[in-house]
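Listed below, chain by chain, are the residues.
There are 4 protein chains.
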Amino acid sequence: MNTFGDLFRLTTFGESHGTAIGGVIDGCPSRLTIDMELLQTDLRRRRGEDMSFVSSRAQSEKDEVEFLSGVLDGVSEGTPIAFLIRNSDARSSDYETLRSVLRPGHADEAYLLKYGIRDHRGGGRSSARETIARVVGGSIAKQLLRAHGMSLEARVVEVGGKPYPSSEATDLLAGCAREGDSVGGVVELLIQGMAAGVGEPLFDKLQAVLASALMSIPAAKGFEYGSGFAAAKMRGSESNKIDDGISGGISTGADIRCRVAFKPTPSIHKPQTMRVIDADGRVTEQQITLQGRHDVCVALRAPVVVEAMAAMAIVNLINKHNNDSQK
Amino acid sequence: MNTFGDLFRLTTFGESHGTAIGGVIDGCPSRLTIDMELLQTDLRRRRGEDMSFVSSRAQSEKDEVEFLSGVLDGVSEGTPIAFLIRNSDARSSDYETLRSVLRPGHADEAYLLKYGIRDHRGGGRSSARETIARVVGGSIAKQLLRAHGMSLEARVVEVGGKPYPSSEATDLLAGCAREGDSVGGVVELLIQGMAAGVGEPLFDKLQAVLASALMSIPAAKGFEYGSGFAAAKMRGSESNKIDDGISGGISTGADIRCRVAFKPTPSIHKPQTMRVIDADGRVTEQQITLQGRHDVCVALRAPVVVEAMAAMAIVNLINKHNNDSQK
Amino acid sequence: MNTFGDLFRLTTFGESHGTAIGGVIDGCPSRLTIDMELLQTDLRRRRGEDMSFVSSRAQSEKDEVEFLSGVLDGVSEGTPIAFLIRNSDARSSDYETLRSVLRPGHADEAYLLKYGIRDHRGGGRSSARETIARVVGGSIAKQLLRAHGMSLEARVVEVGGKPYPSSEATDLLAGCAREGDSVGGVVELLIQGMAAGVGEPLFDKLQAVLASALMSIPAAKGFEYGSGFAAAKMRGSESNKIDDGISGGISTGADIRCRVAFKPTPSIHKPQTMRVIDADGRVTEQQITLQGRHDVCVALRAPVVVEAMAAMAIVNLINKHNNDSQK
Amino acid sequence: MNTFGDLFRLTTFGESHGTAIGGVIDGCPSRLTIDMELLQTDLRRRRGEDMSFVSSRAQSEKDEVEFLSGVLDGVSEGTPIAFLIRNSDARSSDYETLRSVLRPGHADEAYLLKYGIRDHRGGGRSSARETIARVVGGSIAKQLLRAHGMSLEARVVEVGGKPYPSSEATDLLAGCAREGDSVGGVVELLIQGMAAGVGEPLFDKLQAVLASALMSIPAAKGFEYGSGFAAAKMRGSESNKIDDGISGGISTGADIRCRVAFKPTPSIHKPQTMRVIDADGRVTEQQITLQGRHDVCVALRAPVVVEAMAAMAIVNLINKHNNDSQK
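Residue numbers (our numbering), protein chains in the order written: chain A, 1 to 327; chain B, 1 to 327; chain C, 1 to 327; chain D, 1 to 327.
Below are the DSS-like pairs computed for lysine-lysine, each with C-alpha atoms no more than 27 Å apart in a straight line: (1) K241(C) - K162(D); (2) K162(B) - K162(A); (3) K270(A) - K241(B); (4) K241(D) - K270(C); (5) K270(D) - K162(D).
Covered stretches of chain C (in silico footprint by chain A; criterion: 3 or more residues with CB under 8 Å from a CB of chain A, positions within the stretch not fixed): (6) 26-40; (7) 312-322.
If you are wondering where the hints come from, they were derived from the structure by calculation, not from laboratory data.
Yeah, the Cβ is synthetic: ideal placement off N, Cα and C, and Gly gets one too.
Chain A with its partners taken away, still in its complex shape (with noise of 0.2 Å):
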């Protein structure tokens, strides 16, 4: 339920105003050597450092990530690697108010109806801090794509409508931050070098579980790969010349290309109407405006997100992939 993968897994924990965030990684092969440049260099990214429109708070964070097994002098043992970030920075006194109100566009009521019992502070488990446990997730696999010759880089290339970067998508931020609004964008992750042979011709296509790795991400709305939902306008005669990378689930070992779309963070600083639970659980609606420091653009951070979830799928896959055919 908190756990990503089988062969490759990420097993996550921590909530947003809580002691730590973290997570386990089982399944890593011994003898990787851990590239921490690389680990530090997709934290700051996650964080937007010197990035503009981005949460101060995101930005303040320090990440430290302690590993706290799996790993020997810098190499992997083969065990599980459990790693923690402390919560420095966290402000609940901020987020006070918030216990009886409902917020619009946050998970506050479906954990409500789903648990009978809510973390008020922060959103708990539905808060994008929740993503640092992915990306180190994420960092790990994408050394062991490396090893293999992949790579995945993913970058913002729309924002509320706008191809980004342009001076038109940073006027919209610019505004948006100005009104205290928020707004979308879309993701766009290139595979390059992907082996040959990989996914599961039924259930666990590798489009099924890109899809599912990348539709896990907090906010984002849709999933496409290769022609995507342009597909659907075109003739067989038109769409059967295009390598798409995959092809009846399985990678041909041309480049895949997938997108994905990210609503805007529902938390602004615009008078919203919400509904409010009083002590005895009498619900009413009001007028409210909400404090904290926020995202203009959840998705101009969400790269990194894309990038990690998808290495980690594609491990999972390879790994099975390997006891595909007798040698």
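Please arrange chains B, C and D on chain A, whose structure you already have, making use of the hints.
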């Protein structure tokens, strides 16, 4: 690998032109009176009976389902439900000329890369015929959901970029049929009466599980739910007002809409450049015109498969949800 | 639930007196030439052909295995291998009198508690007939292991406390047959040529996976490997000198010996006190003598099932082991 | 691989002499008030506090459990429960001399075979210290079972072939302690108040899942339940009168008894012949006497671990059982 789901599982088997297609449903609770009429209706929808622009092979197959176990006097026993559909109308001779041909847009070459061996007769596992087993499993899953007050209904909303049904779309289909070409389409799924609290907060978010289920259908190229790709163009102040039925990966109880983009079926009757492998393994490119009986628009028969996959995905998550909270 | 294994999976189905027994093997690599002779030999061993003290039903069943998919010209395709054995000689009439009787030592009442419904004809899923599917899956797993130089051989070493084979054991069996009684036994498995490094250090230790596989065989009551229960009486200075073939859950490369204790088959022909449920659900106790054809000692036919389960367990762990270390 | 269970999961991490030992519990329902006193009692039992013949390291470790997530004000939130125990008293220097020594009866060489790399400090993952995480997970599982009226109680019943407790057993233990030797033992588990209908009929039989859980405990060599190995000597007419609590893999509601045989701890202080690898990879055999602090009889501290593993196994099967039948 050929199993979908964990608490409600469908394991499928069978090649397009082998002896039989079938599956095993595991995790169906006991004491469900199986609605055989709904099952037959669903199979008829998949075959596209009385539908225009559908392969005559599909329509002539009888799809007589034989239940081998798990059902006693029409009631589920709690034990695995195995079923079988014999391949009665498989004209393998149609495919004899394909022994050395790797058809464009098909999985022929991918299978070869993966397994070092290939069943040339009609695509083996990658044939659309494999979806029969999905429809049987899905029909039973829909019956389980119906008992909880949920319904799933999918329909084609777009063909080749034209709204469907419409006379434009019909013209387009007729044109493709005449030219031996094919065309893509979009299917929309509406889930009503959805129970709240279903879906796992992190990796098995309801949208991720639906995405995986639906992107595993042959020819699917894209998935979106709710505002989908349009959300990437929205402002937060606008998007926060929408209840898409899923929040933080968990169902809210509101209706859910998903859309799946299908590419045109790659089987067309126009001359195409194809890779051909001769007896010595040498590959040449040749201009070839395929024979056989094929669909003009694979999306037309996809709605019942979309319902099936979504239903099985939801039953799995509901079974998990039963253990979410101490009573 | 009815699936064994993850990377090499056997899913089984079928009730003892239903239409058919069968299974689906998923994860068998492509390009294995299936040794049908070994498979037939294994099925004959399970039937106890030409063996004394074995149920005449077992011996008269033909167990003709029909392969439905996954095998082309005797070679595995990498796709799921489905197989079917029709129940040709099921005298359900023998069981008609059992409709209301809960047989002692059988799972009749347990099924009722679990599912609220019960197939009274010959024990449903809990019949020893279910082991046919295990033998088919295991035979293919043994062939995969053979290709790696491993062999598994199981034999009965004890019957009713007497060494087997011996004239004492034969006398005991003959006595039980005369009296309509049954008797227990012990099966020993020897694994030779075992690859080193197989098994997971924590929960999926080689001995834990073998224990689970072998304790899942009907009538198994105990499992031990190497020095087993005798080790509980030893000193460390003595026990340290033994290489049992497993260390810390991982194979060392030395031979492995396991022993499984089987209870007597509960089907006997002596009068017994049984619980009987009438049409109104009232339970009474009655003195009843069962009819039907049954084994005197179920352990006699168990060795090939023990081999099968162990072989599938080991193939799974070997497939995992392939990803243990960076090359 | 380092995860136990599926619906109630424990993922563990940590090397014996690394930074920390810990785990993540996933699938614990929300709204369970965690009984921290029971947890501390269980950890004290594992440490063998105030127990004779127990390693002084074990007793001096404080095992202070830090909960990192999933618990708010002592109540479970439904989110993953991560916990950590720092290794405060790890004298790695004791192990420096072991850098090149493969200790007999330990997993040293097996790890090397598996991973091509080895943590020489105290056995890495294969140390008994790893069981702390099992005890934490098991303590929470026992609390869930208690809420259903079930209890699990394990105790040592035999040491070195002598009944325990008894003055013979105490003499034997004292003798071993004096000589620097160790001795094996047997632990018996009693499950009371067991719910009926729990366990899966085929491969995940209750006894198979218990066997796997208990055989995964370090030093376990054998498992039996109910009449166990004695059943192999019985007649059916005798064995049919026994209700062992499990029938056809499914619980009947009667009490269940299991027994686990533990070998002597391999860490002894007598001179032993060992394999030694020098810097160039050359292996010689040498007479060596190990130092360090170790248990005389590892079975003495095992009962709480046996309870833990059995409890987690049963919670998993109960969660599955919730979906067995239509209401």
